[in-house]
Amino acid sequence: MADATTNPTNTGLTTADGKPLKAALAHAQARSRRRAFLLVLPLLLFIVITFIVPIGQMLKRSVYNDGFTVQKNLTTGEKTPIMVNLANWFDENPAGTEPDETAFVALVEDLKTLKETRAAGQAGTRINYELPGSRSLFTQGARKAKKLQPPFKEALIELNPKWGDPKLWQVMRSASSNLTGTFFLAAMDRTRNADGDIMSVDEDHQIYLKLFGRTFMLSVLITVLTLILAYPIAHLLATLPLRYSNLLMIFVLLPFWTSLLVRTTSWMILLQSQGVLNDAMVAMGLIGNDNRIQMMYNKIGTVVAMTHILLPFMVLPLYSVMRPINPSYVRAARSLGATSWTAFRRIYFPQTVPGIAAGALLVFILAVGYYITPALVGGSDGTLISNLIAFHMQKSLNWSMAAALASLLLGGILILYWLYDRLVGIDNLKLG
Amino acid sequence: MAMTDSDAAFVEFDRVQKSYDGEVLVVKDLNLQIAKGEFVTMLGPSGSGKTTCLMMLAGFETATHGDIKLGGVSINDIPPHKRGIGMVFQSYALFPHMTVGENLSFPLEVRGMGKDEREEKVRRALDMVQMGDFASRRPAQLSGGQQQRIALARALVFEPQVVLMDEPLGALDKQLREHMQFEIKHLHDSLGITVVYVTHDQSEALTMSDRVAVFDDGRIQQLAAPADLYERPENSFVAQFIGENNKLAGTVVALDGGNSKTEGKIATVQLEDGDTCQALAVKCGGPGSKTLVSIRPERVSVSADPGPNSTTAKVLELIYLGDHIRCRLNVHGNDEFVVKVPNAAGHKHLVVGETTQITWDAVDARALDPL
Ligand SMILES: Nc1ncnc2c1ncn2[C@@H]1O[C@H](COP(=O)(O)OP(=O)(O)OP(=O)(O)O)[C@@H](O)[C@H]1O
Ligand SMILES: [Mg+2]
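Quick note, the sequences are listed as chains A and B, same order. Note that my numbering has the first sequence beginning at 4, numbered continuously upward. Note that my numbering has the second sequence beginning at 339, numbered continuously upward.
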């Protein structure tokens, strides 16, 4: 439009009074556009404040942790830098340098500050994330720092031989800068050795990758199961006369109107080893009383309960694509010589693909991030990555770790979404 | 191409009944025989069971009672895909996720035909409906008339012996509809297929068909060639339904023997205003029974010639239509009596409000059943 005004000879159509048509149109539409913007403004603010900012915070927290550099007084809000001397020493000496007496002098100075600012626990916790058992090292060190005599290196190592561990020094070095990738490394079961090289953690400490894998596998399984269960229901709903299908639709939606907790606990009543299902099988003599099937607190429980809970999210998109499919398509195919199977496969099914795609995406994404149900019925075997995120949020208070795990999850889903767009095409998606 | 009894019927409905809900018979006692190569149209008001009959023939609905035969064999138990009947749906039902070419090759693919042969047939079918350049388009990218042609080509491409069409032109505008009527008729003539066609447009039925079956109330009211249907309706429903018609209610007072010129007996009917008239006794009882006399507007002439059916008429309304003038008259107490006066020399010029004399031949009036 800019060149329409600067280069009037090049304009296309003009209005009756000679203004370029595009400019006139833009002017005419500006008012209504402004009004529309004002109408969506509250929602926009709401989303920014409650959604975009927290996600940004989370992403930031996954790579940013100042637990080893700044002490924040919770009552006054005042911030005091800690571990300054050690940070300076790290700056002056490259990674892998054997810590000498100057390093230990700086460390002892900093430990004294920790004592004064009462930040030993905080700093220790930060190191503890990467080197378990280090928290007490710091609290003890801070308590005794005043009484130590030079040479400090020998004195500290005598106090606790762990101070001489090169791994500790590597961790302190990385923690002394606020920006760190260690949480992401840890979330992928990787760590840095004393020289700063990335390597896998020991076999028996690898939990996250396994859990990501399990989350992915179970989510795929749940998606497939919901699809298998939902397809016939949706088809029935779409082909029944409206008055029956409405009734049936209420049954499909009923789970939406009952509390998630109630639904999950009712599965516990059904599935537990003294539960309805086991009792019934014992009563019918299918299984003995002593070898009741364990269907709760393992993967079976998670899969069964989540399949049930997520079923409506598959039924609804499927229904919404199936309803408008004219029955005359299948009839036409039949009259053209196709068996009912061929007519389904070649004519009906392809037209429902957008619904399958939408339902599968919805269910999969919901399943990947599901928390309550696996927490209640999953036991140790059936928990998902979200339960571990919650663990880091609530129990270990390692929020950076939780943030890193959540970011990986988010990234994974975005990648899947992108793949999906490449394979199915997002505009092929029909959510309702 | 009217059938004689000796012809083996190619498509046959034999005392077919159909009920959807077990309470109402939608099709009551349908008997219909269609010869090979014939073009038969089912014509009737909405809800008279036309689509139902077609669906039973195609195999999507089962007859509640009776036999449907194709080539002399009962097809009641043959599934739709083995009947080899092509069908054009009112909504066209072109598969939206396939191109036009794929749509056409679908019936050939499911028959296991090789690729080359398929392509050849698809090309020929598309050329047949003059849509050769559209093979790679999607149905959504075609206009209504083009979709209609593709639907037609698809129903014909696998060379079925019978093609069913359920109001295939319903969605088209008048001009295109007339064009397509011509094309369908042309294809029928050149391919020699048997067509069962459904419409509720009577001009469509009359122009295209060899025979027309007029449906009402789940029954065939009359099955005849178009000219017969118009000129010799057998009951009041058909007389009313096809073309324009004047009706006079009355009671038969006498029946006399016909002569060689007339097809049957001449009935003398006493009308409601007490006058009498004469009409061909087609479907009326003996003396004393109620009847409805039906006369086509163009068979009434405005003239003072004396005759048994000569009567006075008061002119109520005149509509100038160029080639003729439509006059609404009061005749024997009926205000809706219509006469078409040709706009030509020698015909009387009528004026609204005047009283004139009109007359018609006894054989042009038909005494039918009371409605
Ligand atoms: N699937 C069905 N279930 C129940 N009743 C039906 C069904 N299909 C049609 N009917 C009823 O059967 C009767 C005949 O319907 P049909 O569709 O054969 O009429 P039609 O002659 O094709 O009418 P139109 O000219 O409007 O298409 C109607 O009264 C209709 O309500
Ligand atoms: Mg119909």
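Hints are computed from structural coordinates only; laboratory data are not their basis. Heads up, a few of these hints could be off.
[As the list claims (entries may be wrong)] Residues of chain A placed beyond 10 Å of chain B at every Cβ, according to the derived structure:
| no. | residue |
| --- | --- |
| 1 | Ala31 |
| 2 | Thr79 |
| 3 | Ser338 |
[Claimed, not checked] Facing chain A, according to a computed beta carbon distance under 8 Å, are these residues of chain B, among others:
| no. | residue |
| --- | --- |
| 4 | Ser429 |
| 5 | Ala473 |
| 6 | Phe496 |
| 7 | Gln499 |
| 8 | Gly691 |
For glycine and all other residues, C-beta sits at the position ideal for the given N, C-alpha and C.
Now the hints, each set against the structure:
Even its closest Cβ contact with chain B, about 32 Å, leaves alanine 31(A) beyond 10 Å, as expected for a residue assigned away from the interface. Its beta-carbon lying about 67 Å from the closest one in chain B, threonine 79(A) satisfies the requirement of being farther than 10 Å from that chain. A beta-carbon of chain B is positioned within 10 Å of the beta-carbon of serine 338(A); the least distance is around 4 Å. Nearest Cβ of chain A to the Cβ of serine 429(B): about 6 Å, under the 8 Å cut. The hint holds.
Interface hint status for alanine 473(B): violated, as the beta-carbon distance to the closest one in chain A is roughly 17 Å, over 8 Å. At its closest, the beta carbon of phenylalanine 496(B) sits 6 Å from a beta carbon of chain A; the interface hint therefore holds under the 8 Å criterion. Interface hint at glutamine 499(B): violated, since its Cβ lies 13 Å from the closest Cβ of chain A, which is beyond the 8 Å cut-off. Violation of the interface hint for glycine 691(B) is found here, the shortest Cβ-Cβ separation to chain A being roughly 55 Å, above the 8 Å cut-off.
Hints 3, 5, 7 and 8 from the list above are not met by this structure, while the remaining hints are.
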